[in-house]
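**Student:** Here's the letter readout for the chains.
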Amino acid sequence: MAQVLFAADSATKAQRLSRVFAERGIGATVQHLPVGLTTEGCAYAVAVSPRRFEAARMLLKTRGITVRRVFFYDENGYREVSL
Amino acid sequence: MMYFDAGATTLEKPAAVRNAVARAVNTLSSPGRGSYRATQLAEQTDYACRTTAAKLFGVAEPENVIFTHNATHGLNIAIHSLVKPCSRVIISGYEHNAVTRPLHAIPNVELTILDTPPFQPECMVEEAKKALEKGADVFICNHVSNVFGNIQPVEELGRMCREKGVPFVVDASQSAGILPVNMGQMRADFIAMPGHKGLYGPQGTGLLLCGRCPEPLLHGGTGSQSLRQTMPEDLPDRLESGTHNMPGIAGLLEGLRFVTQKGTDNILRHEKHLTAFALEQLRKIEGIKVFYRDGLRHQTGVLSFIVEGYDCEALGQDLGRRGIAVRAGFHCAPLAHRTVKTLKTGTVRFTPSVFNTRQQVAQFAQILNEVIRKK
Chain A
0 MAQVLFAADS
10 ATKAQRLSRV
20 FAERGIGATV
30 QHLPVGLTTE
40 GCAYAVAVSP
50 RRFEAARMLL
60 KTRGITVRRV
70 FFYDENGYRE
80 VSL
Chain B
0 MMYFDAGATT
10 LEKPAAVRNA
20 VARAVNTLSS
30 PGRGSYRATQ
40 LAEQTDYACR
50 TTAAKLFGVA
60 EPENVIFTHN
70 ATHGLNIAIH
80 SLVKPCSRVI
90 ISGYEHNAVT
100 RPLHAIPNVE
110 LTILDTPPFQ
120 PECMVEEAKK
130 ALEKGADVFI
140 CNHVSNVFGN
150 IQPVEELGRM
160 CREKGVPFVV
170 DASQSAGILP
180 VNMGQMRADF
190 IAMPGHKGLY
200 GPQGTGLLLC
210 GRCPEPLLHG
220 GTGSQSLRQT
230 MPEDLPDRLE
240 SGTHNMPGIA
250 GLLEGLRFVT
260 QKGTDNILRH
270 EKHLTAFALE
280 QLRKIEGIKV
290 FYRDGLRHQT
300 GVLSFIVEGY
310 DCEALGQDLG
320 RRGIAVRAGF
330 HCAPLAHRTV
340 KTLKTGTVRF
350 TPSVFNTRQQ
360 VAQFAQILNE
370 VIRKK
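Chains as they are written, first to last, in numbering that gives the first Met the number 0: chain A, 0 to 82; chain B, 0 to 374.
Pulled out of the complex, with its shape left as it was, chain A reads as follows (with noise of 0.2 Å):
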């Protein structure tokens, strides 16, 4: 299934983005994100639709929220994009 995931530092942070989503109707699940997309070890993401990446893209903007790494993930694979 496509997502888009955004990469956040600590399972706090993660939790805080997906209210910040939820908030707003987006609808977002907290995971692990997978160990090649990581440079510092374990991390998290906040997977979303790919539907929805314009509204939480616009959402964090408004919002001053600072994610580092965004990927999108499809039947190709993962691949960063950025905001």
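Label pairs and their computed distance ranges (CB to CB):
| hint | chain 1 | residue 1 | chain 2 | residue 2 | range |
| --- | --- | --- | --- | --- | --- |
| 1 | A | Pro-33 | B | Leu-10 | 44 to 54 Å |
| 2 | A | Gly-63 | B | Glu-232 | 15 to 25 Å |
| 3 | B | Gly-57 | A | Thr-28 | 22 to 32 Å |
| 4 | B | Gln-316 | A | Thr-65 | 58 to 68 Å |
| 5 | A | Arg-78 | B | Arg-36 | 23 to 33 Å |
| 6 | A | Gly-63 | B | Glu-312 | 51 to 61 Å |
In silico contact screen, one side only, chain B against chain A (beta carbon under 10 Å); selected entries:
| hint | residue |
| --- | --- |
| 7 | Gly-33 |
| 8 | Glu-42 |
| 9 | Asp-45 |
| 10 | Tyr-46 |
| 11 | Pro-61 |
| 12 | Glu-62 |
| 13 | Leu-226 |
| 14 | Asp-233 |
| 15 | Leu-234 |
| 16 | Pro-235 |
| 17 | Glu-239 |
Treat the hints as calculated values from the structure; they're not laboratory data.
Glycine is no exception: its CB is placed at the ideal position from the N, C-alpha and C atoms.
Chain A is fixed; fit chain B onto it per the hints.
**Tutor:** This is chain B only, laid out in the frame that chain A set:
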């Protein structure tokens, strides 16, 4: 048993706290240590606890609410972060060993102790002003003395420290859940508090509210940035090595919800009502000296007393035999006893909680009177 030692631990907890602790034992695993339901529930519980505390204590970011084992743990982190060898530190004359011992352990700390009478916050402000004029690296003060219940003017002290650029640390052990504690209004760099007193959580829990980036006291696994051999830079992981006390945190969350729902104003009003009634009863007993002033205006629900010719520990034990739980001795705060000149005698301390009743206080006073008369 009639329990009047809430200043040490609130023994009676709300039912929701007891249930949450029991439920957590086999439903919550470790936050950040897996991708299964039990760890996700633990992460959600952690986060709910942080956000509830952040709202109650005026902390802008939930990440700045740190779980600790108790207030002592939080104070050690704050002191370790701010105080270095040869630092100049100002403290009140009412600090607990949780402050004085960590300071003593750092070499050559230049300590200024504000030796001011209890229940006179204006004296504390005056002395603090003079001490700050001389220069300081850190100011540490409790919000309420655990021995005498005197309320310290922390908002004014915080304002003065901010003006001078001196980091301010507040020990809210006796005030969290009873008085308004607000990070912004106190202009504090750190506020430490236990979970098991006025917040009605289980023992082994505490919170450190951070207004600046601290130095970790413990180094270890955080479930994040595992390939690095240094601690993460960001809060809360920077300070939270090792497995979390999930039953404790789940219980603390319910304690915070209980306090939020009840309101600190109502809790304080009830405890002060009981303390005022206790004072009224105790004053009728011959040979008792009770420490208070101005109708308890600058005092919470903490009442210390001594009985002429009766060792306070012996009195505490005799009351214990009659089913009354109070705390006697020095309360781990010899500095406070030195300040009030009770270092030779210690005191007996009466501290009710929101669950005590006026009838219990009347019984306490009656039994105390009987015990003293029998001696």
